[in-house]
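> Given next are the chains, with one letter for each unit.
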Amino acid sequence: MATLNEKKTCSERMENFRRFVWNPETKLFMGRTLINWVWISLYYLAFYVVMTGLFALSIYSLMRTVNPYEPDYQDQLKSPGVTLRPDVYGDRGLQIYYNISENKTWERLVTTLQTFLTAYTPAAQHLNVNCTGDKYFIQDTFDGPNNTKLSCKFTSDMLQNCSGIADPTFGFPEGKPCFIIKMNRIIKFYPGNGTAPRVDCTYVGDESRPLEVDYYPVNGTFNLHYFPYYGKKAQPTYSNPLVAVKFLNITRNVELKIVCKIIGAGITFDNVHDPYEGKVEFKLKIED
Amino acid sequence: MKKEMDVDDHKLELPDLEAKYSTSITKGLVGAVAAERLLRDGPNELRPPRGTPECVKFGRQLAGGLQCLMWVAAAICLIAYGVQEGQGDRGSADNLYLAIALIAVVVVTGCFGYYQEFKSTNIIASFKNLVPQQATVIREGDKLQINANELVVGDLVEIKGGDRVPADIRIISAQGCKVDNSSLTGESEPQTRSPECTHDSPLETRNIAFFSTMCLEGTATGLVINTGDRTIIGRIASLASGVENEKTPIAIEIEHFVDIIAGLAIFFGATFFVVAMVIGYPFLRAMVFFMAIVVAYVPEGLLATVTVCLSLTAKRLARKNCVVKNLEAVETLGSTSVICSDKTGTLTQNRMTVAHLWFDNQIHTADTTEDQSGQSFDQSSETWTLLSRVVTLCNRAQFKSGQENVPVAKREVIGDASETALLKFAEVTVGTVSEARGRFPKVAELPFNSTNKFQLSVHTAGDRQLLVLKGAPERVLERCSTVMIKGQELPLDAQWREAFEGAYADLGGRGERVLGFCARWLPAGTVAAGTDPEALPEVAVGLCFAGLVAMIDPPRATVPRAVLKCRTAGIRVIMVTGDHPITAKAIAAAVGIISEGSETPEDVAARLRVPLEQVDPRQARARVVTGAELAGMEPGVLEGILRAHPEMVFARTSPQQKLVIVESCQRLGAIVAVTGDGVNDSPALKRADIGVAMGIAGSDAAKNAADMILLDDNFASIVTGVEQGRLIFDNLKKSIAYTLTKNIPELTPYLIYITASVPLPLGCITILFIELCTDIFPSVSLAYERAESDIMHLKPRNPRRDRLVNEPLAAYSYFQIGAIQSFAGFTDYFVAMAQEGWWPLLCLGLRPRWEDTHEQELQDSYGQQWTFEQRRYQQYTCYTVFFISIEMCQIADVLIRKTRRLSLLQQGLFRNHILVIAIVFQVSIGCFLCYCPGMPNIFNFMPIRFQWWFVPMPFGLLILIYDEIRKLGVRRHPGSQFPPAGVLCPPPGAL
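So the protein sequences, as listed, match chains A and B.
End of the first sequence = 288 in full-length UniProt numbering, gap-free, step of one.
End of the second sequence = 991 in full-length UniProt numbering, gap-free, step of one.
Hints should not be assumed to be uniformly reliable.
[As the list claims (entries may be wrong)] In silico lysine to aspartate or glutamate, EDC-like type, Cα no more than 20 Å apart, as pairs:
#, chain 1, residue 1, chain 2, residue 2
1, A, 233, A, 214
2, A, 176, A, 214
3, B, 967, B, 712
4, B, 733, B, 964
5, A, 78, B, 869
6, B, 119, B, 204
7, A, 233, B, 869
8, A, 188, A, 143
9, B, 565, B, 596
10, B, 119, B, 493
11, A, 232, B, 857
12, A, 78, B, 158
13, A, 78, B, 857
14, A, 283, B, 613
15, A, 188, B, 857
16, B, 410, B, 869
17, A, 188, A, 70
18, A, 176, A, 70
19, B, 20, B, 9
20, B, 27, B, 158
21, A, 176, A, 157
Honestly, the hints are just simulated from the structure, not real lab data.
These numbers come from a predicted model, not from an experiment.
Build out the structure end to end from the sequences listed, making use of the hints.
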């Protein structure tokens with residue numbers, strides 16, 4: 001054992017290492033002759049080229065088999081997520097705090113809303129069609145231009161008082177702010193089972209406490225004719241329908257927890273693991 | 001060691017002795033003084049060597065090479081956790097879990113190893129004699145029986161045949177007292193003890209009997225001069241604990257392997273640290289990447305695998321009578337290239353047995369097998385009748401009572417070794433000895449003594465008397481005038497004398513102890529009852545010579561085959577014995593240590609009729625070296641001899657010389673296993689790479705010093721151990737290769753995650769599940785794999801060249817099989833992503849937005865919008881899919897690892913049932929993790945689509961085919977490396 005265990009000093013180790021990197025006697029570079037290294041490199045090159053080729057082939061055939069219009073599975077998209085505008089995140093979720101007397105604090109919220117609604121101007125929506133029927137807009141054929149399907153028009157004026165047209169400040173300075181609720185797109189998702197889903201905002205934990213809310217459009221419904229969504233390729237100009245909520249009796253200088261749920265068959269809002277599924281929660285604090 | 005013997009009590013006259021110990025040689029000590037001395041000196045017993053404290057033993061289990069690697073990794077994880085926590089990074093808890101898992105693995109396997117060690121220590125402890133030894137002591141003139149551990153210096157004790165000497169005693173009076181000092185000196189000849197001082201050295205003089213030696217016969221009275229640890233044995237035992245333990249070969253292998261792992265880990269980590277910095281990650285982030293990569297390289301499951309594999313083999317060995325004290329010793333045994341074996345009891349049966357008889361001018365062979373299964377000789381001759389009668393009658397040994405149902409060979413006998421052998425021989429061949437003795441009542445007898453060198457007795461036989469005599473053949477012959485041949489009494493002329501001489505020399509040359517037997521019929525009343533024994537020799541003249549009986553301690557039946565197995569396995573067996581060279585050589589030849597046709601230099605000299613000095617050592621394969629020759633050798637000469645003669649026997653050696661022999665073998669680069677039983681063997685046992693103590697004959701000191709204990713004292717068990725050791729080395733190699741492979745598919749997701757910014761394909765908890773849950777059983781099941789070829793036909797591995805993990809193996813596992821597995825994982829990952837809406841090209845660079853917790857409407861390739869949590873579950877789906885891919889490929893991997901050269905079909909796909917069960921188990925665990933409700937939120941496993949199990953299967957098939965091609969190449973072109981491997985790895989010994 002003694003022969004195996006001999007302790008090497010650092011310099012010996014370094015010398016051994018140098019000798020390993022280039023051994024002038026045996027002409028071995030890192031333990032191999034140069035020609036051997038070339039062969040090995042070529043072998044590995046070939047190996048990885050072949051493997052990459054196989055991989056590329058797999059991905060190519062994968063892409064040939066996936067449906068370009070709709071995904072094969074929607075295992076994680078059972079119920080749509082819900083988002084809020086303006087969306088300012090604090091430490092724990094959405095926090096909308098502003099001070100009425102300090103313009104700056106609410107101006108950027110207003111700007112967010114305005115920017116968001118630019119996608120809903122009549123100009124932006126001009127490619128979409130006007131829909132009137134209060135039922136699902138089912139299209140089995142590609143009736144739109146360039147082999148697409150038609151999308152219904154949603155313009156900001158449908159949000160009435162919260163459209164930013166009459167009141168470009170969305171009620172923020174008055175302490176009666178507008179918020180916009182949007183439901184995420186899921187292909188071939190039929191919300192509400194024939195009844196239009198609607199937004200319902202309450203205080204968190206205390207649903208009996210009256211929260212005075214104006215909903216736009218009326219009743220805070222998402223009209224059924226915006227559904228189902230047929231995907232980016234079929235409906236390139238599709239815009240999510242919106243619901244605006246205007247809170248009328250917000251107590252000043254108090255942090256309020258508000259949740260806006262979407263009520264409708266097929267939309268769940270009780271998933272403890274996903275706070276944004278079927279509902280959106282946020283804290284609101286308006287200071288003087 | 002002899003220098004330390006400062007004892008001079010043997011030289012003192014009795015009155016001085018009395019004065020020195022203030023005692024009386026007639027009345028012994030006074031009880032009160034004895035009690036006082038007991039209090040002063042402590043009990044008369046060997047303090048168990050200060051065993052390693054239990055906590056240190058446990059600590060050692062936590063501080064091996066792999067364990068250190070894992071401690072470092074755990075520390076890095078904690079640092080990374082701290083850094084990420086400081087940054088307020090979500091998901092940093094993973095690092096904490098990882099650190100906890102790493103520490104848990106080390107601690108759990110440490111407990112496991114400790115438990116194993118503890119269990120085998122218990123087996124060994126159970127061997128200790130639990131019955132307290134009794135001693136006969138004279139105190140205040142009264143004879144008392146007390147526990148031997150209450151003896152004190154100055155006590156007057158009596159010993160008799162069959163007793164163990166209770167302390168170091170100076171003999172005051174003795175009657176035919178003989179002791180067996182073999183446990184002390186290795187000398188197996190009984191030695192006389194008498195009151196006279198015969199030698200200056202206390203070890204050589206006859207008037208001191210040593211603690212723990214056996215009194216074989218006679219009685220003696222003596223004065224206790226040393227007790228407990230101050231006895232000679234006690235001092236030797238404490239010396240032995242001074243010899244340091246060397247590292248085991250497997251520990252060296254694992255260190256070498258850790259070097260490779262650590263090197264590769266740092267290389268990869270550093271590379272990707274640089275890459276991350278170049279890509280533009282912040283420094284801290286890159287640092288965390290670096291740490292994660294280093295940690296990902298640590299094979300968490302390997303420690304458990306190695307421990308379990310070794311303990312499985314240890315268990316298997318225990319069933320075959322080898323108890324391994326230290327798990328790593330299992331493998332050491334497999335690398336053994338030299339075995340230094342004792343003769344008595346290990347190679348031989350440790351019982352004198354009648355081997356040959358000479359009567360009717362012919363040598364007859366007796367049955368020496370342990371179970372009396374051999375052939376017997378022709379017993380029809382009249383001479384045999386006479387000889388057997390002499391053998392039966394002229395024998396003072398007798399069976400202990402109450403053993404009628406015990407096989408003869410196993411019965412206990414009162415009497416010395418030769419008489420025992422003759423008694424048993426007579427019982428087996430003639431029939432009940434006691435009955436024969438009853439028919440011929442004894443009239444008078446003269447016991448054996450060293451002046452006469454014979455023993456005789458006179459028996460009544462009907463109306464005549466029969467005088468029977470046995471003894472040293474030449475002395476017996478002197479008293480004979482006739483010889484019986486085929487029942488005829490013929491005059492003993494020169495021709496018969498010559499025949500006798502020939503037979504005597506022949507049997508003596510076989511290393512056998514030869515006794516002559518003769519008899520004479522006397523008229524009734526020739527010898528009266530109560531005749532003075534000293535007068536008997538006068539009657540014993542003109543006897544009729546009946547025959548010679550030769551006895552030997554015969555080799556165990558299984559040993560020759562075991563020695564042959566060692567020879568084919570390239571292991572040298574060296575016999576080291578305290579016995580006579582001729583006996584040693586005879587036994588060596590009988591068991592094959594000296595093979596047929598091999599000659600010693602003496603044989604060559606005799607054949608060529610040249611002086612010994614002119615013999616070319618190269619002509620002599622074998623050589624017998626005696627202790628005396630060894631003592632006179634210059635340093636280095638022994639190595640030369642060991643190199644020149646492949647077949648070596650050391651005779652008449654002292655246990656100290658055993659140490660010299662072991663060290664010489666080690667200087668020649670051998671890994672040496674040593675067997676031993678005596679106290680004095682313990683330094684050699686410790687010095688050896690693997691010390692093997694005898695379970696039955698071994699002393700506690702030897703057992704303490706040894707790494708392994710043979711419960712049946714049988715040499716063949718060592719060979720079984722070697723075979724198992726080699727198998728486990730081979731199989732560990734396979735297990736490690738299997739375990740290492742998946743390191744790459746576990747690492748590449750992270751590398752791609754860093755460089756291509758895809759959503760993380762494989763999570764940390766999932767990796768832990770692969771390492772510590774699903775893949776443990778298959779990797780352990782490889783330990784059950786049969787040997788690919790006859791491993792006992794290969795040379796012992798060269799510890800400097802044949803490493804456990806060599807670079808080609810690592811490179812092949814990592815850069816070829818591991819690469820294929822990674823491709824399988826990524827294919828499945830991209831399939832799962834694409835089918836859920838995330839096409840491969842979108843995935844690239846997606847990471848920042850994907851991981852943004854504020855992003856609740858991330859669009860996939862179809863325009864659908866995903867919340868963060870929905871994406872997280874999708875990510876878990878990817879983890880699961882990648883996990884399943886690795887599992888599927890690992891099934892292929894475990895199959896290819898079954899063999900290294902043979903085709904899988906040659907080895908048999910289902911021959912290893914444990915492996916099949918392991919694969920089923922692995923798949924079941926996979927299913928359970930995937931489909932058990934609640935898994936997504938506990939362990940981040942998602943119920944994945946059924947078809948994603950099949951995506952990696954073609955890659956598994958590719959692994960099988962690829963490796964079959966490699967094996968075909970290896971078989972077709974042995975010696976060449978196909979395919980070439982080892983790109984990033986230094987050759988052996990470079991670092």
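> Give a verdict on every hint.
Taking the hints in turn, this is what the structure says about them:
1. A:233 <-> A:214: This hinted pair is violated, its Cα atoms lying about 36 Å apart.
2. A:176 <-> A:214: holds (10 Å)
3. B:967 <-> B:712: violated (41 Å)
4. B:733 <-> B:964: Distance ~18 Å between residue 733 of chain B and residue 964 of chain B Cα, so the pair holds.
5. A:78 <-> B:869: holds (12 Å)
6. B:119 <-> B:204: Judged against 20 Å, a Cα distance of about 41 Å means the pair is violated.
7. A:233 <-> B:869: violated (25 Å)
8. A:188 <-> A:143: holds (17 Å)
9. B:565 <-> B:596: Holds: residue 565 of chain B and residue 596 of chain B sit about 15 Å apart, inside 20 Å.
10. B:119 <-> B:493: violated (68 Å)
11. A:232 <-> B:857: holds (14 Å)
12. A:78 <-> B:158: This hinted pair is violated, its Cα atoms lying about 95 Å apart.
13. A:78 <-> B:857: holds (15 Å)
14. A:283 <-> B:613: Answer violated: residue 283 of chain A to residue 613 of chain B is near 106 Å, above 20 Å.
15. A:188 <-> B:857: holds (17 Å)
16. B:410 <-> B:869: violated (78 Å)
17. A:188 <-> A:70: holds (8 Å)
18. A:176 <-> A:70: violated (41 Å)
19. B:20 <-> B:9: Distance of about 9 Å is within 20 Å: holds.
20. B:27 <-> B:158: Holds - the C-alpha atoms of residue 158 of chain B and residue 27 of chain B are around 12 Å apart, at most 20 Å.
21. A:176 <-> A:157: holds (19 Å)
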